[in-house]
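> So the chains spell out like this:
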Amino acid sequence: MAQKYLMKGNEAIAEAAIRAGCKLFFGYPITPQTELSEYMAKNMPKREGLSLQAESEVAAINMVLGASAAGARVMTSTSGPGISLKSEGISYIVGSDLPCVIVNVQRGGPGLGGIQPAQSDYNQATKALGHGDMHLIVLAPASVQEMATLTGEAFDLADIYRTPVMLLADGALGQMMEPVDFEEKPHRALPKKDWACTGHGGSRKHNIVNSLYIEPEVLEKTVVDRFKKYEQIEQNEVKYEEYLTEDAEIIIVAYGITSRIAKTAVRNAREKGIKAGLFRPITLYPFPEKQLDALADKENIKTFLSVEMNMGQMVKDVKLAISCKKDVYHFGRTGGVIPTPDEILTNIEKYVGGAK
Amino acid sequence: MSAILLAGFGGQGILFAGKQLVRAGMELGKQVSWLPSYGPEMRGGTCNCSVNVDDDAIGSPLVTKPDILIAMNLPSFQKFEEKVVSGGIMILDSSLINIKTTRNDVNAYYIPATRLADENGLKGLANVIMLGKLIRVGSLMDYKFFRDSLQASSPKSKPMLGELNCKAFDIGYNYED
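Taken in order, these protein sequences are the chains called A and B. Counting in this note's numbering, the first sequence runs from 1 upward without gaps. Counting in this note's numbering, the second sequence runs from 1001 upward without gaps.
If you're looking for bench data, these hints aren't it; they were derived computationally from the structure. All of these numbers come straight from a predicted model, not from anything done at the bench. Incorrect hints may appear among the rest.
Within a straight-line C-alpha distance of at most 27 Å, the following computed DSSO-like cross-link-like pairs (lysine-lysine) qualify [to be verified]:
1) A:4 with B:1158
2) A:46 with B:1156
3) A:42 with B:1019
4) A:272 with B:1065
5) B:1144 with A:4
6) B:1065 with A:275
Produce the entire structure from the sequences given, and follow the hints as far as they go.
Below is the structure:
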């Protein structure tokens, strides 16, 4: 059995990133991701890497852009307010087709908000990380182990598709401790970075990394080509988990820390004889639309309940995915309040059997 | 399955105590989780810590209905007294909590941990005294196993800390209320 370490989720991301060959970390401090930056500052210099606290989030994301353009595996991490500041740079990174990993350990918002866990950056992460026609791959871990595993996966996906990848966690996952192993997963085949701006002594034509295209037709082609890449991502990279969905009457849809609490609520519902099941998206983009739609086609499934730590964001994607074939409801707490299994169970009982 | 809630002021070592439980649980091969909840301040303020030690994969890491409550100040006790499951355990630091539980469906233990720590030159180790009591009454894990794990967890550069922790642990374990 692989060696297990007791670690905070934030530390697990940092350690997994270093093991994945991340050589550069640029950040600006913010709760509740602090342990991640701290771990990088402590460990990067010892392990042939560099960790730098930039003068601002805007500077940090542009350092990421530069390092990625030079072909390095690079990461930055922050929380909601920092992502808002970084969004210009993120859009430039997308427009330049550069790989990198961006971590958002979510806290309550809007504004400075609070420092307790939330999932209210779902819309931002999946729809509006920057201006322009664009997506990022968004991965949503639900345990400290997945914080590590999905970090390695994020770096591979970024390199394969030449796109930034976001790890969307939250303050609870970031600060909780669980056992984690860093066992090596099978490596995916990675393309050569023959587009990178590295020194070559005139041995080849120089590369250009750029996101400015003055001619509309030229810009349109870059965007259309990028959307072909998104189609591939939607075909090949959807990840999700199902729990007791086979005979379920009501499906809870939840991701991240909320899916853990929902799982307890589902178990409690089953003990009461209510046929509840859980569907957990692991990729928020690409969203597991087809898989949810297949569930909606099942006779026994009558109702969907999206449980989120926000006022109702993913619920709209659930409705779209199943074309409103079945009733879809939302239950959420926000501002840093974590829902309890009992609250979720109350909502399961309220909605089971369809609209009342 | 044990869902444990440790609660008190910031600075009392609530998070440290919880960490010792999950570390020992992990060494036993159990599924464990540790979730802190505290404000932005380093000391003072309220602080609590959810610990799960289980044979099966852990669902919610947040403990809302503890099997065991360790309370180290009055506000924490008052906040969580009603949440403890029927048949559960409460361990209260009676030097800081001057009332008793009104519930008769739980097993309550009163130990003046802060006073015992002060009297024995173990200032700041009331948390470990509480752990001693917990291992005595909680049927979570074996005395020697936990004590060894506690000793091994202190940094190698400061072996004295391990000794002091073990001393505090024994005081709690052997205390009769």
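> Now look at each hint and say whether the structure bears it out.
Comparing the hints with the structure gives:
1. A:4 with B:1158: 24 Å, holds
2. A:46 with B:1156: 21 Å, holds
3. A:42 with B:1019: 22 Å, holds
4. A:272 with B:1065: Given that 27 Å is the threshold and the Cα spacing comes to 18 Å, the pair holds.
5. B:1144 with A:4: 22 Å, holds
6. B:1065 with A:275: 23 Å, holds
The structure agrees with every numbered hint stated previously.
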